[in-house]
Structures are given as C-alpha cells and as structure tokens.
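Enquirer: With these hints in hand, go ahead and build the complete structure from the sequences.
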Amino acid sequence: MEAGDADAAVQLALHYQGTPLAYVFWSKAASLNSPDAHFYLGYCFHRGAEGFPTDITKALECFNKALSQEHAPSLHYVAAMYRTGDGVEQDLKKMQLYLERACQQNHPESLYTLADIHFNGSDGFDVNYPLALRYYQLAGQFGYSDALVCEGVMHYHGLGTPVDYDKAFFAYQTAAKKGNAAACRNLSALYTEGRGCDVMPEHARYFADLAK
Numbered sequence: 000m001e002a003g004d005a006d007a008a009v010q011l012a013l014h015y016q017g018t019p020l021a022y023v024f025w026s027k028a029a030s031l032n033s034p035d036a037h038f039y040l041g042y043c044f045h046r047g048a049e050g051f052p053t054d055i056t057k058a059l060e061c062f063n064k065a066l067s068q069e070h071a072p073s074l075h076y077v078a079a080m081y082r083t084g085d086g087v088e089q090d091l092k093k094m095q096l097y098l099e100r101a102c103q104q105n106h107p108e109s110l111y112t113l114a115d116i117h118f119n120g121s122d123g124f125d126v127n128y129p130l131a132l133r134y135y136q137l138a139g140q141f142g143y144s145d146a147l148v149c150e151g152v153m154h155y156h157g158l159g160t161p162v163d164y165d166k167a168f169f170a171y172q173t174a175a176k177k178g179n180a181a182a183c184r185n186l187s188a189l190y191t192e193g194r195g196c197d198v199m200p201e202h203a204r205y206f207a208d209l210a211k
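If you're matching positions, the sequence shown starts at 0 in numbering that gives the first Met the number 0 and goes up one per residue.
No lab work stands behind these hints: they were computed from the structure.
Treat the hints with care, since some could be wrong.
Mimicking DSSO-like on lysine-lysine, the simulated pairs with C-alpha atoms at most 27 Å apart in a straight line are [what the hints assert, rightly or not]:
#, residue 1, residue 2
1, Lys64, Lys93
2, Lys57, Lys92
3, Lys27, Lys57
4, Lys211, Lys176
5, Lys92, Lys64
6, Lys166, Lys177
7, Lys93, Lys57
8, Lys166, Lys211
9, Lys211, Lys177
10, Lys176, Lys166
11, Lys27, Lys64
Expert: Shown next as structure tokens:
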C-alpha cells in the first residue's frame with residue numbers, strides 16, 4: 000500500500016468524525032501504519048474517548064507504533080503521561096527522553112513545555128534562563144504565541160539575557176498578530192511606557208481593548 004492510501008484514510012476518518020464510519024477509516028489508516036491513526040487510537044484507548052473502553056495496554060501499543068516513526072504529537076503526549084503518571088508509573092527520565100525527541104521534530108508545544116521546565120526549574124531540572132529563552136524562541140519561530148509572550152517577558156526583565164525593550168516589543172507584537180491576549184496587554188503597557196516604541200496612548204488603548 001502507498002502512503003497516500005493511509006493519508007486518504009485519515010482524511011476520510013476526519014471527515015466522518017463522530018460517526019461509526021470514523022472508526023472504520025481510522026482502523027484502515029492504522030492497518031496502513033499511519034502514525035496519525037496510531038496516535039488517535041492510542042488517545043481513544045487512553046482516555047476512553049469516542050466509545051472506546053479505557054485500556055492502557057492497548058493505548059501504549061498504539062502509541063509505540065507511532066513513536067517508532069518519531070511522530071511528534073505522540074512523543075509529546077507520551078512525555079506528558081510519564082510526567083504526571085497518567086496511566087503509567089511516573090518517570091521523569093522517560094518524560095525527558097520523549098520530550099527531547101519531540102523537540103528534535105520542532106514540535107512547538109514540546110519546545111514550549113521544555114522552555115517552561117527550564118524557566119521554572121521543575122521536573123528534576125535546575126532553573127536555566129538562557130536555555131529557557133532558547134526554547135521559547137524556537138517555539139515562537141514555529142508559531143506558538145504563548146512562547147513569544149514568554150520570550151518578550153524575558154527580554155523585558157533581563158532574565159537570562161540583557162534587558163532589551165525592542166526585542167520584547169517585537170516578540171509581543173508578533174504574538175499579538177496571532178491574537179494572543181496576553182501579548183496585547185503587554186503591548187498596551189509598552190505603548191504607555193514608551194519602551195521599545197514611542198509613547199502612543201491611542202495604540203495603548205487599542206491593544207488594551209483587544210486584550211479584553
């Protein structure tokens with residue numbers, strides 16, 4: 000079978016989501032070794048979703064098939080399972096392993112999660128602001144707006160990097176264009192303070208309104 004057949008089955012499964020036909024096409028895609036299908040079925044078995052029974056053993060079997068293909072959403076999801084002990088024994092070393100593999104695929108949410116871990120010094124890691132900033136920046140480059148806000152905060156306060164209001168402004172502005180409310184609030188503050196930009200009360204009010 001061609002990879003295109005699996006992709007077509009996934010698209011049909013999504014089209015029929017919420018109907019009995021969805022399971023038929025997800026199963027077909029899984030039989031064609033689609034990592035998206037393995038992930039979806041694993042999620043359903045893990046959560047007992049879409050009428051599936053909760054079955055951790057089957058969930059892990061499905062996830063492992065996706066993990067063997069370095070499927071980034073599966074790597075991130077399984078990392079979260081081991082982080083909190085959700086259906087498995089908590090194991091922060093396995094969490095780190097899967098999270099870093101997902102980051103190697105430039106998975107934005109994984110990059111953001113690892114940034115947060117380094118920023119807060121959680122999950123067995125020490126606080127490391129420069130490394131946190133690096134991962135926030137990478138997540139931001141792949142469109143994760145919350146990461147851009149965190150990057151802006153670090154530039155604004157000089158955490159792991161010199162204070163740079165221009166860089167803070169740019170990060171907030173980029174996130175605001177994606178509709179991030181926190182970024183809009185922070186942009187409003189910068190326009191009020193005149194940091195990284197001129198003092199512009201009208202712009203400050205505009206972004207404050209957008210943040211509501």
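Enquirer: Hint by hint, which ones does this structure get wrong, listed from lowest number up?
Expert: none
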